[in-house]
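Enquirer: Chain W is fixed; fit chain V onto it per the hints.
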Amino acid sequence: MADSDANTIVSLNNIGKHFGKVKALDNVSIDIKEGEIFALLGPSGCGKSTLLRIISGFENPTEGELLLDGKDMTRTAPNKRPVNMVFQSYAVFPHMSVADNVGYGLKMDKLLVDEITTRVDTALAQVHLDQFKHRMPDQLSGGQKQRVALARALVKQPRVLLLDEPLSALDAKLRDAMRLELVKLQETVGVTFIIVTHDQSEALAMADRVAVLEAGKLRQVDTPTALYNHPVDAFVADFIGKVHTFDVQHIERQDNHVRVTSDELGELTLPLNKLPERISTGAQVNASSVLAFRPEALKVNLANEPTASTASTETNQANEIQLPGFLGDIAFQGQHSIVEITRGDKPSVSAIVDHSSLSALQTQPIGTPIVARCALSDLMLLPAQ
Amino acid sequence: MKANTKKPFEYSRKWSLRLVFLTTMVFLYAPIIVLVVFSFNNSRRGGNVIWKGFTTKYYGKAFANEELMLAFANSMTIAVTSTIISVFLGAMTAIFLWRFRFPFKPLAEGLVSLPIIIPEICMGVSLAMFFSSLDLWTSGDTPWPFNLSNIILAHITFSFPFAAMVIRTRLQNFNREMEEAAKDLGASEYRVFRDILLPHMRPGLIAAALLTFTLSLDDFVITFFTSGPNTVTFPVKIYSMVRFSITPEINAASTILIVLTLLLTFAALRYQRITDISNDG
Numbered sequence: 001m002a003d004s005d006a007n008t009i010v011s012l013n014n015i016g017k018h019f020g021k022v023k024a025l026d027n028v029s030i031d032i033k034e035g036e037i038f039a040l041l042g043p044s045g046c047g048k049s050t051l052l053r054i055i056s057g058f059e060n061p062t063e064g065e066l067l068l069d070g071k072d073m074t075r076t077a078p079n080k081r082p083v084n085m086v087f088q089s090y091a092v093f094p095h096m097s098v099a100d101n102v103g104y105g106l107k108m109d110k111l112l113v114d115e116i117t118t119r120v121d122t123a124l125a126q127v128h129l130d131q132f133k134h135r136m137p138d139q140l141s142g143g144q145k146q147r148v149a150l151a152r153a154l155v156k157q158p159r160v161l162l163l164d165e166p167l168s169a170l171d172a173k174l175r176d177a178m179r180l181e182l183v184k185l186q187e188t189v190g191v192t193f194i195i196v197t198h199d200q201s202e203a204l205a206m207a208d209r210v211a212v213l214e215a216g217k218l219r220q221v222d223t224p225t226a227l228y229n230h231p232v233d234a235f236v237a238d239f240i241g242k243v244h245t246f247d248v249q250h251i252e253r254q255d256n257h258v259r260v261t262s263d264e265l266g267e268l269t270l271p272l273n274k275l276p277e278r279i280s281t282g283a284q285v286n287a288s289s290v291l292a293f294r295p296e297a298l299k300v301n302l303a304n305e306p307t308a309s310t311a312s313t314e315t316n317q318a319n320e321i322q323l324p325g326f327l328g329d330i331a332f333q334g335q336h337s338i339v340e341i342t343r344g345d346k347p348s349v350s351a352i353v354d355h356s357s358l359s360a361l362q363t364q365p366i367g368t369p370i371v372a373r374c375a376l377s378d379l380m381l382l383p384a385q
Numbered sequence: 001m002k003a004n005t006k007k008p009f010e011y012s013r014k015w016s017l018r019l020v021f022l023t024t025m026v027f028l029y030a031p032i033i034v035l036v037v038f039s040f041n042n043s044r045r046g047g048n049v050i051w052k053g054f055t056t057k058y059y060g061k062a063f064a065n066e067e068l069m070l071a072f073a074n075s076m077t078i079a080v081t082s083t084i085i086s087v088f089l090g091a092m093t094a095i096f097l098w099r100f101r102f103p104f105k106p107l108a109e110g111l112v113s114l115p116i117i118i119p120e121i122c123m124g125v126s127l128a129m130f131f132s133s134l135d136l137w138t139s140g141d142t143p144w145p146f147n148l149s150n151i152i153l154a155h156i157t158f159s160f161p162f163a164a165m166v167i168r169t170r171l172q173n174f175n176r177e178m179e180e181a182a183k184d185l186g187a188s189e190y191r192v193f194r195d196i197l198l199p200h201m202r203p204g205l206i207a208a209a210l211l212t213f214t215l216s217l218d219d220f221v222i223t224f225f226t227s228g229p230n231t232v233t234f235p236v237k238i239y240s241m242v243r244f245s246i247t248p249e250i251n252a253a254s255t256i257l258i259v260l261t262l263l264l265t266f267a268a269l270r271y272q273r274i275t276d277i278s279n280d281g
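As you go down the protein sequences, you meet chains W and V in turn.
Just so it is clear: in the first sequence, position 166 is 166 by our numbering, and no numbers are missing.
Just so it is clear: in the second sequence, position 3 is 3 by our numbering, and no numbers are missing.
Be aware that a few hints might be false.
Claimed, not checked - Computed from the model, here is a short list of chain V residues facing chain W with C-beta under 7 Å:
1. Glu180
2. Ala181
3. Leu185
Stated by the list, open to error - The calculated EDC-like cross-link candidates involving lysine to aspartate or glutamate, where the alpha carbons are at most 20 Å apart (straight line), are:
4. Lys110(W) with Asp195(V)
5. Lys145(W) with Glu67(V)
6. Lys23(W) with Glu63(W)
7. Lys57(V) with Glu67(V)
8. Lys80(W) with Glu179(V)
9. Lys242(W) with Asp329(W)
10. Lys80(W) with Glu177(V)
11. Lys107(W) with Glu189(V)
12. Lys80(W) with Asp195(V)
13. Lys107(W) with Glu180(V)
14. Lys346(W) with Glu267(W)
To be clear, the hints were calculated from the coordinates, so they are not data collected in a lab.
For each residue, glycine too, the CB sits at the ideal point set by N, CA and C.
Next comes chain W alone, as it looks inside the complex (with noise of 0.2 Å):
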């Protein structure tokens, strides 16, 4: 997470990928800083996969220039750059033994034997297979196929290590031991990491960064809290978190504040700094706007008038909105649970509720009239592409 330009280590400049007619990829550009574990998450067909590609040399851009280390390589052959890539299906060869897998690259090197039998024991006592150095990988499991991936690129000692999917292919509970370690093999070895995913799970837990991507379009690029605090619209709120959104008929812009028009939720006054940059102002109606909150923001309580047959009537008090509906199913999490707020014909919303305030509830039968609030600086204004 440094600062500077002077540690930027891959630089994606205007990069665009056409496979025929398609646009895979559609002026990117992303500076990834040296050291940093940087996450490329988006739904399946995003782009993702092609833009990791592309770093790693096995496609080449349509547009755009990539600078690694800041040397050109945008069309330099995969086995020439300073890159190794962990595969999504290991691809660990099958007629050598792991010593003789993780050996290959320094073979390619031409480095002398002993020289390659040092460096192979280290990067094995790296990722624990010491154990296994003759085995063959059919001896092995998915796990350890996977230790072998990492293994061999990083006996090569990469300026940058791609991961393709690196826990797609593993069990749920191996998936987490795993999600860990890598974690801490990259404070050990230092390499840059980027990896590859569309679990934003993944990519919150482990990443510096992360670069959400949609249709071959970057949306947005930032920290995980600042994602999913501040992401720049509404897809990428959906995309990091479960979001509720409310469609904004009107806003406009007033001295010190922002007025917001929508059918639902009525007339409300935001401070100014809730207008993101990239939602054009004035009098007109700007339908491509959303208001959304997260289900941590909102609170539940058990509605104090029998006004359930209002619910149509949402107010608008000084700083919160308030939601009325009914009490619908309660799911246990744990340290919390889920609380679906069923609203008639609406479309209903959930709150993450914790102990304290579900006890109130958990008594009540299905159905009883609640009123859900927020309160007015958990809102997001939002464009809704």
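Expert: This is chain V only, laid out in the frame that chain W set:
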């Protein structure tokens, strides 16, 4: 896998099905068994189906028959040479068809495998006409083994499509990430081929070699059309001996050919099974 799956139907319980199975087996193998048994018959005439006692003298006679042994040497030379060239060509074709995209690829694939389905007699006639029209026939005084080149060329023509098919099947389950991983680790195209692709292809190459060797060894029709008086192969020689008279010597010679073919086929199947198992794991 096979051992664990339950039989879909209990065929063996129905006596009618058992009868059909038995008849099929008798129909298929009785002639071959009779041929092998009567190669040990102590009778002057092979056509005489009366058992006159056990002997191995006709094997000795067959091995002492110079013309038959020359035909055998011819057959082996042709089989070895055409196998090596067929497997090489087949491997090249398979890699080409597997690796590259080009216009009319389905057509090219069809054309490569066409010799497999063309009737042998047509192949034989067309090859004979081809060699004649281009004046490619080896003359009678060409030294051995170059006088066999017509037959070798003919055998390559009909057997390399089989080799290509077997190797292509093997290539189909190659994980392209292996190749990329090797390149990523610094391997050149040549090293990728030598270190990664070739070891993967090896079982396919061996299976293809065994298959084309067997095909070449026992081919009669195409060989008959492309052989001259001095270039007789083992099957063609047996045929001419049969026309002269059927003796137990022919039975013995045929038995040798059967045993050779069986051994090679078993080896091919065994090798294929070993590699299949190692692929599953």
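Enquirer: All the hints need checking, so say for each whether the structure fits it.
Expert: Evaluated hints:
Among the interface hints, the one on Glu180(V) holds; its C-beta lies about 6 Å from the nearest C-beta in chain W, closer than the 7 Å criterion. Contact between Ala181(V) and chain W, as hinted, is supported at the beta carbon level, the nearest pair being about 4 Å apart and thus within 7 Å. Interface hint at Leu185(V): satisfied, since its Cβ lies 3 Å from the closest Cβ of chain W, which is below the 7 Å cut-off. Between the alpha carbons of Lys110(W) and Asp195(V) the distance comes to roughly 15 Å, so the proposed pair stays at or under 20 Å and holds.
Annotation: proposed proximity of Lys145(W) to Glu67(V) is violated, straight-line Cα distance about 60 Å (limit 20 Å). A threshold of 20 Å between alpha carbons decides the hint, and for Lys23(W) with Glu63(W) the separation of about 11 Å falls inside it, so the pair holds. The suggested pairing of Lys57(V) with Glu67(V) holds, with an alpha-carbon distance near 18 Å, which does not exceed 20 Å. A distance of roughly 15 Å separates the Cα atoms of Lys80(W) and Glu179(V); the hinted pair therefore holds under the 20 Å criterion.
For the suggested pair Lys242(W) and Asp329(W), the alpha carbons sit about 17 Å apart, so the restraint of at most 20 Å is met. As the CA atoms of Lys80(W) and Glu177(V) are separated by approximately 18 Å, the hinted pair is consistent with the 20 Å bound. With a CA separation close to 15 Å, the supplied pair Lys107(W) and Glu189(V) stays within the 20 Å bound. Annotation: proposed proximity of Lys80(W) to Asp195(V) holds, straight-line Cα distance about 18 Å (limit 20 Å).
A distance of roughly 16 Å separates the Cα atoms of Lys107(W) and Glu180(V); the hinted pair therefore holds under the 20 Å criterion. As the CA atoms of Lys346(W) and Glu267(W) are separated by approximately 19 Å, the hinted pair is consistent with the 20 Å bound.
Taken one by one, the earlier hints fail for this structure only at number 5.
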